[in-house]
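Enquirer: If you want the building blocks of each chain, they are given just below.
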Amino acid sequence: MSAKQNILGKLRKSLTGTTPIADDFDVDLVTQPYTYSAEQRIPQLRKLMEAVHTEIHLTSGAEWPMLLAQLLRDRQLPSLLIAPTTPHGQRIAQHWANNPGLPALKSYDRPMEEWKAELFNDTPASLTGTLGAIAATGSLIIWPTREEPRLMSLVPPVHFALLKASEIRDNFYQVQQEFEWAQGMPTNALLVSGPSKTADIEQVLAYGAHGPKDLVVLILEDQ
Amino acid sequence: MSTSVIIPTVAVEEDFRTRAHKALGDQQLRNNFRTAMDSLMTKRAAAFSDAHEREHLRALGNSIKARALSKLPDLLEQLEQNLTRNGVTVHWAETVDEANGIVLSIIRAHEARQVIKGKSMVSEEMEMNHFLEARDIECLESDMGEYIVQLDHEKPSHIIMPAIHKNAGQVASLFHDKLGVEYTKDVDQLIQIGRRVLRQKFFEADIGVSGVNFAVAETGTLLLVENEGNGRMTTTVPPVHIAVTGIEKVVENLRDVVPLLSLLTRSALGIPITTYVNMISGPRKDHELDGPQEVHLVLLDNGRSQAFADSELRQTLNCIRCGACMNHCPVYTRVGGHTYGEGYPGPIGKIITPHMVGLAKVPDHPSASSLCGACGEVCPVKIPIPAILRRLREENVKAPDSPHQVMRGQGSKYSRKERFIWNAWAKLNSSPTLYRLFAFFATRLRALTPSNVGPWTQNHSAPKPAARSLHDMAREHLAKQGERR
Amino acid sequence: MSELFYNAVPNATRVAPPLPEPRQYPSEKPSRVYLFGTCVVDLFYPEAGMDAIHLLEREGIRVEYPQGQSCCGQPAYTSGYTEQARTVARSQLALFAGDYPVVVPSGSCAGMLREHYADLFKDEPQTLKQVRALAARTYELAEFLLFVCKVQLKDSGEPVKVALHTSCSARREMNTHLHGRELLAQLSNVERVNHDHESECCGFGGTFSVRMPDISGAMVADKTRALKESGAHKVLSADCGCLININGALEKQKEALRGQHLASFLWQRTGGAK
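Chains as they are written, first to last, in UniProt numbering: chain A, 1 to 223; chain B, 1 to 485; chain C, 1 to 274.
Simulated from the structure, these hints should not be mistaken for lab results.
A couple of the hints might just be wrong.
Pairs of lysine to aspartate or glutamate residues, derived as EDC-like cross-links and limited to a Cα-Cα distance of at most 16 Å, are as follows [unchecked claim]:
| no. | chain 1 | residue 1 | chain 2 | residue 2 |
| --- | --- | --- | --- | --- |
| 1 | C | K154 | C | D99 |
| 2 | A | K4 | B | D97 |
| 3 | A | K13 | B | D310 |
| 4 | B | K22 | C | D214 |
| 5 | C | K29 | C | E59 |
| 6 | A | K164 | A | E221 |
| 7 | B | K178 | B | E204 |
| 8 | A | K106 | A | E118 |
| 9 | B | K480 | C | E83 |
| 10 | C | K122 | B | E312 |
| 11 | A | K213 | A | E55 |
| 12 | A | K47 | A | D170 |
| 13 | A | K4 | B | E98 |
| 14 | B | K71 | A | D26 |
| 15 | C | K122 | C | E83 |
| 16 | A | K116 | B | E288 |
| 17 | B | K285 | A | D170 |
| 18 | B | K427 | C | E47 |
| 19 | B | K71 | A | D23 |
| 20 | A | K213 | B | D188 |
| 21 | B | K464 | C | E47 |
| 22 | B | K285 | A | E147 |
| 23 | A | K10 | B | D206 |
| 24 | A | K116 | B | E218 |
| 25 | A | K4 | B | E218 |
| 26 | B | K71 | B | E218 |
| 27 | B | K480 | C | E64 |
| 28 | A | K10 | B | E154 |
| 29 | A | K116 | B | D206 |
| 30 | B | K464 | C | E251 |
| 31 | A | K164 | A | D222 |
| 32 | A | K4 | B | D74 |
| 33 | C | K154 | C | E59 |
| 34 | C | K234 | C | E191 |
| 35 | C | K150 | C | E28 |
| 36 | A | K10 | B | D74 |
| 37 | A | K13 | B | D74 |
Which chain C residues face chain A? A few, computed with CB under 7 Å, are given here [what the hints assert, rightly or not]:
| no. | residue |
| --- | --- |
| 38 | V9 |
| 39 | N11 |
| 40 | A12 |
All values reported here derive from a predicted model rather than from experimental measurement.
Yeah, the Cβ is synthetic: ideal placement off N, Cα and C, and Gly gets one too.
Start from the sequences and build out the full structure, keeping to the hints where you can.
Expert: So this is what it looks like as structure tokens:
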């Protein structure tokens, strides 16, 4: 008998003659207190994300590349990792082409193994898009793709994330329903609610434990 | 050469009470725990400011876990099917030895030498670090708290905050001694030291090992929550990811994690969500540029099916490992996590550990509680911890030859003398004549009450019965009242 | 726990009982009640039992005190000696058979009758009926005075500061801390002060205090320190188990502060003879 058969056998024996408990999932309980009007969503998201040291900027579809360039300069970041084939990657490339002298752009365009050392040691910042956000918990929704792989939002010490205001949802339940996540999940999906942190020493909150030390969210109010 | 090599020493197994005694005398430790637990209780209370929502959410959490348990074997098979379809290899282990064997065989297949671990209580349960180190494989913890306790050759003292028993000064000395860095008590600097050391380890590691918070049967998804990012590193950077988890972690639907996640982070740390919620449904696909090439899931039983066999004890498996029960436990707060000896401390440790290691190995676990009920009151999935503790006491004092075998090691506190005393007590209290006789002598002979009545007088003056019992006084008074009517 | 945990099949997966509804109280005061004195009151705090009787009689209620009563069975029950607890519980059941309220001057013993007897007799359908009926008419004293008698207390004492300690099971099973607070609030010259970690256990826990004297001792040391630091002149509790623990520790520490049963305090403050 295999371990699997033994375990399942014991469990089944213990349930002999019983019927499964009915599903009484209470949708209202996880949605009603976490429903917001259009005007409330950004402030709600902002309140929660700023409380955990996220930097939030309100900007627009036209102006964000300029703002991003400014933020990079302010931080004296020498380079930025982007996903060149995405629409936002193309916007950056375009803006950079018209504005010489901006920090160097890097592309995550080959398997991680081929440039692991550079990714870990010489990639100070990245920019990724998001699939939206969740106002109730102050979370960005990130589905890494081939264009924007998993480590893009994790290894560089500064992570810039673009968020369209129209894509801020109310709560996690609504997100699962709208995107029909139950029908199929990607290899990796993430909720990111701030820069990396820990309170493991004396419960003192410290940022930048293993992931990004800074999370900067650019909210495109007009999109 | 250390003295232990020259002089053969016998490892003395300290029992719970000896360890408790020591811990209670350590004022620094007491302060560290009291301060931390007070803060965690305050944060939880603030996160659940709406009592109505909290209680309904707990009820929903309970019913989701109960529903999953009521079809556990089916859900485990569904989980395996979906994970397999997604490209994850699923392994089953009845014991800790089997689970470690599976992990080792994966490591050997890759000729791996370096393992980096995300926080996982199941790997603690397996004592995976020791197991692998004995086989010359480095197995390094990457959660800051776990890293600190591993560096000091300790066990975690809390399931969420493994190094909560240490203060910044103690961590500073540890880092100074073991890592050769300059002494600093600045927490930010200490964390940056940890970050530097562990980044290199993430970079080098051949294998990443993690736990699982929820395994979703419907989609074949492993959900992990964390704040530091080490969990994401562990499950993304190394070429192989091995997740280890107990069979009770499976939930039916993806939506079930919505309330459970909320209950978990609010109960544990008083936060609406952790920094990262990492949902893993498979290894790197052909066209993807990062992520592990292989993902394995090890499903561990280790006594869980024993708890599952009894409908009362089965509720133990509702646990989502938030730690709220220990944060609110007056005993845990005073003796700290190491007193419990095994991986899981506090109230949940007292009810789950006996299934894992046998009651005989942790005979004091069920008794180390005043049954105050704080744990049951805060449990996000409504495990009736006090009722289960009481039940374990019952199993613990059962005669060893009792025909009904509920759990390994049952009857470990069986004592003929004690049973005799309780039988006499029952006789006394169920016979009015005997009871009155007893009360008569206790009150009339109160002067003869000994001044030293064992452990009671350790903390109290000797108890002295009243001069007359309520029975006497009430009889007299009520008779008079009767005459007046 | 209560029978609500039990599905139809004994091995079915249990779900938590539904959220409790607020308890319904009779609209009229009964003309008579039973007093279940409890073993600790009987032998160590009989005056508390007498004061409970006085308070009830003042409400025009006739009190019956079955002389056959002893203990609710809790010490054996919580020690895992379920059979012995059942023997004692069974002997008590028969003594309180009349259909009128059972008032208990102890939160944890009232809780035993109300919450745990059902577990003891879960396999005896006939007895279980009796147990459920008993549970429905069992009241902790403060609760009974407040919600059934609807007492309006008139304070006749000097200004005093008191701290209130509530037994854990009474607090969690029956909100006894709120009832005590409400009664004390009726007394104009009594100031109730909070103490540090008020909701935390005093460390008694029945046999826990002798099985784990080190831990229990640390708990009662913290509790007595908090009570002393509260500035209270007096400690009150509706539970004599806790009082034995707290008073025993205070006496050992040679402290002057003492705990008193809530019933005695209420009776003394409202004109009852000392």
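Enquirer: Hint by hint, say whether it matches the structure.
Expert: Cross-check of the supplied hints:
Among the hinted pairs, K154 of chain C with D99 of chain C is inconsistent with the structure: their alpha-carbon atoms are about 31 Å apart, more than 16 Å. Distance restraint check for K4 of chain A and D97 of chain B: the Cα-Cα separation of roughly 15 Å lies within the 16 Å cut-off, and the hinted pair is therefore satisfied. Taking the CA atoms of K13 of chain A and D310 of chain B, the gap is near 11 Å; set against the 16 Å cutoff, the hint holds. Taking the CA atoms of K22 of chain B and D214 of chain C, the gap is about 10 Å. The hint holds against a cut of 16 Å.
At roughly 8 Å between alpha-carbon atoms, K29 of chain C and E59 of chain C fall within 16 Å of each other, so this suggested pair holds. A threshold of 16 Å between alpha carbons decides the hint, and for K164 of chain A with E221 of chain A the separation of about 7 Å falls inside it, so the pair holds. In summary, the hint linking K178 of chain B to E204 of chain B is not supported, as the alpha carbons are separated by about 20 Å, beyond the 16 Å threshold. Our distance criterion of 16 Å between C-alpha atoms is met by K106 of chain A and E118 of chain A, whose separation comes to about 11 Å.
Between K480 of chain B and E83 of chain C, the direct Cα distance comes to roughly 39 Å. Violation of the 16 Å bound is thereby established for this hinted pair. Under the criterion of a C-alpha separation no larger than 16 Å, the hint pairing K122 of chain C with E312 of chain B is consistent with the structure, at around 13 Å. Under the criterion of a C-alpha separation no larger than 16 Å, the hint pairing K213 of chain A with E55 of chain A is consistent with the structure, at around 11 Å. Annotation: proposed proximity of K47 of chain A to D170 of chain A holds, straight-line Cα distance about 14 Å (limit 16 Å).
Between K4 of chain A and E98 of chain B, the direct Cα distance comes to roughly 12 Å. Compliance with the 16 Å bound is thereby established for this hinted pair. Of the supplied pair hints, the one linking K71 of chain B and D26 of chain A is violated, its CA atoms being roughly 20 Å apart against a limit of 16 Å. The hinted pair formed by K122 of chain C and E83 of chain C meets the criterion: a straight-line CA distance of about 13 Å does not exceed 16 Å. For the given pair, K116 of chain A sits about 15 Å from E288 of chain B by alpha-carbon distance, which is consistent with the 16 Å threshold.
Between K285 of chain B and D170 of chain A, the direct Cα distance comes to roughly 31 Å. Violation of the 16 Å bound is thereby established for this hinted pair. Between the alpha carbons of K427 of chain B and E47 of chain C the distance comes to roughly 27 Å, so the proposed pair goes past 16 Å and is violated. Simply put, K71 of chain B and D23 of chain A have alpha-carbon atoms about 12 Å apart, close enough for the 16 Å limit, and the pair holds. The hinted pair formed by K213 of chain A and D188 of chain B meets the criterion: a straight-line CA distance of about 11 Å does not exceed 16 Å.
Proximity of K464 of chain B to E47 of chain C is assessed by CA-CA distance (about 14 Å); at most 16 Å being required, the pair is judged to hold. As the CA atoms of K285 of chain B and E147 of chain A are separated by approximately 13 Å, the hinted pair is consistent with the 16 Å bound. About 36 Å separates the Cα atoms of K10 of chain A and D206 of chain B, which puts this hinted pair outside 16 Å; it is violated. In summary, the hint linking K116 of chain A to E218 of chain B is not supported, as the alpha carbons are separated by about 35 Å, beyond the 16 Å threshold.
Of the supplied pair hints, the one linking K4 of chain A and E218 of chain B is violated, its CA atoms being roughly 19 Å apart against a limit of 16 Å. Restraint check for K71 of chain B and E218 of chain B: satisfied, since their Cα atoms lie roughly 13 Å apart, inside the 16 Å limit. A C-alpha spacing of about 13 Å is found between K480 of chain B and E64 of chain C, which places the hinted pair at or below 16 Å, so the restraint holds. Between K10 of chain A and E154 of chain B the alpha-carbon distance is near 35 Å, which puts this suggested pair outside the 16 Å criterion.
For the hint pairing K116 of chain A with D206 of chain B, the CA-to-CA distance comes to about 14 Å; that is within 16 Å, so the pair holds. For the hint pairing K464 of chain B with E251 of chain C, the CA-to-CA distance comes to about 12 Å; that is within 16 Å, so the pair holds. Only pairs whose Cα atoms come within 16 Å are accepted, and K164 of chain A paired with D222 of chain A is accepted, the gap being roughly 8 Å. At most 16 Å may separate the alpha-carbon atoms for a hinted pair to count; K4 of chain A and D74 of chain B meet this at roughly 12 Å.
At most 16 Å may separate the alpha-carbon atoms for a hinted pair to count; K154 of chain C and E59 of chain C meet this at roughly 13 Å. Under the criterion of a C-alpha separation no larger than 16 Å, the hint pairing K234 of chain C with E191 of chain C is consistent with the structure, at around 11 Å. For the suggested pair K150 of chain C and E28 of chain C, the alpha carbons sit about 10 Å apart, so the restraint of at most 16 Å is met. Distance restraint check for K10 of chain A and D74 of chain B: the Cα-Cα separation of roughly 13 Å lies within the 16 Å cut-off, and the hinted pair is therefore satisfied.
As the CA atoms of K13 of chain A and D74 of chain B are separated by approximately 13 Å, the hinted pair is consistent with the 16 Å bound. At about 5 Å, the closest approach between the beta carbon of V9 of chain C and any beta carbon in chain A falls short of 7 Å, and the interface hint on this residue holds. Of the supplied interface hints, the one on N11 of chain C holds, with its beta-carbon coming within about 6 Å of a beta-carbon of chain A, less than 7 Å. Against a cut-off of 7 Å between C-beta atoms, the interface hint on A12 of chain C holds, since the closest Cβ of chain A lies about 4 Å away.
In summary, the numbered hints that this structure violates are 1, 7, 9, 14, 17, 18, 23, 24, 25, 28.
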